[in-house]
Amino acid sequence: MVWLKRGVAWAVLSAGLLTACGGGQTDQEASARQQAADAGVVARAASSTGGADAVPVSLGVANVRKAASGRVAVFRFYNTGTGAHFYTTSIEEREAVYRTAAHMSPEGEAFYAAGAAGAGLSPVHRFYNTQTGVHFYTISEAERANVEANLPQFTYEGIAYYASQTPAAGFTPLYRFLVVRQGVHFYTASEEESLRLQATMTATHRYEGVGYHVMASACASPPCGPIGPNRPRVFIALHGNNELADNAALDAQWTYVRQNAHGIWGNNANISDAQSASLIRKMTTRNLITEYPVPPGTSAWLPLLAFNNLQVLYPDMDQSLNPEAIAFYTSDTSRWNGRTVAQAEAIYTDPTAPASRRYGAVYTGWQPQNFDPTNPRYIYANANAVLAFRSSKGTFIECPLGACTSGKLGEAFRRAIRETHVRGRPFIWFASNAFSTSPGWLAAFQATYNAVAAEGLWRPEDAIAIVNYDGVYPKLPETLGGGVAADTSMGLAYWALQQRAAATP
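Using my numbering, you'd call the opening residue of the sequence shown number 63 and step up by one each time.
Because the hints were derived from the structure by calculation, they are not lab data.
Fair warning: there could be bad hints in the mix.
Stated by the list, open to error - Pair by pair, the computed Cβ-Cβ distance ranges are:
{"id": "1", "residue 1": "LEU213", "residue 2": "GLY502", "range": "50 to 58 Å"}
{"id": "2", "residue 1": "THR436", "residue 2": "ALA563", "range": "38 to 46 Å"}
{"id": "3", "residue 1": "ALA564", "residue 2": "ASN371", "range": "37 to 45 Å"}
C-beta: ideal position from N, C-alpha, C; glycine also.
Throw the hints in and build the complete structure from the sequences for me.
Next up, the structure:
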């Protein structure tokens, strides 16, 4: 529940994973403290949201929340209006918040939990405070019974997920803090974050010990779970290593790729030469996505001379090359604003231009760090960047092979995909290799691919652009070096195309 006052959201979406276990407290002590905290929240909510213009507006949570199953991620949002946090395991609920609550800044996966009962696990119950909008979670059956018997303002919403009341292999402590001013709780499974709060924010965050124990990772042994029914498209990059004569060692894979790839990825500097034209002619499908970096201190919308020259030099391509999208890339969020995206739309999707020279969409390009809340270039810290991201027709992220599998980069990468899809946009992974072929490329590529697939994030309209930055014309796929055929950009493309071909709707 969110309270709106004169168009401003005053949400009391709590950090709300409240439990009576851990920290040496009894059920009765925890319950008494929670009642006092609730009373404080009610008083403050009345003073800040009361009046004739205060209207409760539902996020539709009750309608979209579904029972969790399997190992589930618990997502965390930060309410920029109140300073409180909101947690949910429900993808539907998370996406409802994305769509309807712009003031809720997504902070990604806070921790993981079990979505089904199992040995050594206890249910974590979820309540909704109809007076304050606070969600209350407890693993204690005694506390649950006490709330149901004595606090009528709390509506029981069922089991949120399952956790362990005691330490166990594969589990990690969930640290609990009382946010003194708001009278709500903040939870984190990050020991680093817990220690930082204890060292620097004792005046606002009172440490209350370990609440309970949650799962330490998204899966027992990555890659996690089945790949799922959806697969992204595959684009071949024009990047200085295009082969004019087939490489015998890779001929079978290369032939398959050029016959089945969904298009070509190029940038403005290298799509107007003979090598590029030769490769484009070999491709069965000739969709083109052009990367156009935004240089500092210059206009983002300089003419795409290389693309125009390509079609002037090779007019036979006018009827066969489809300029699907243009992706403007910069990791500096301060360079973006809504007006320049609108300018790009007007210039490069001009309906009066010849169809063969008109891009179908404008995408914004970022690095995964732009979706990391702890990074200075976090997209939601810059209003212009948010406008650009939300107004563009798609998103692409550059991340080398397995670099975006786990940790902060992995979560930021998947957050970018989720937020792109929530707005109905396609996502492109620019899977840039390290320089020169090396063993292990395919395994690293598969790790990131499968981590995304394990969350069911891939969509059929998404794409992967695969490039090897090493190589000199006319070496494509590339020299094998110390690797094997599978560990080349063509080997990666071959594997990804097979995943798509094997997919069922």
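Taking the beta carbons of LEU213 and GLY502, is their distance inside 50 to 58 Å? At 56 Å between Cβs, range holds.
Hint says 38 to 46 Å; check whether the CB-CB distance for THR436 and ALA563 agrees. 39 Å, holds
With respect to the beta-carbon atoms only, verify the hint that ALA564 and ASN371 lie 37 to 45 Å apart. 39 Å, holds
Violation of the numbered hints given earlier is absent; every hint is satisfied by the structure.
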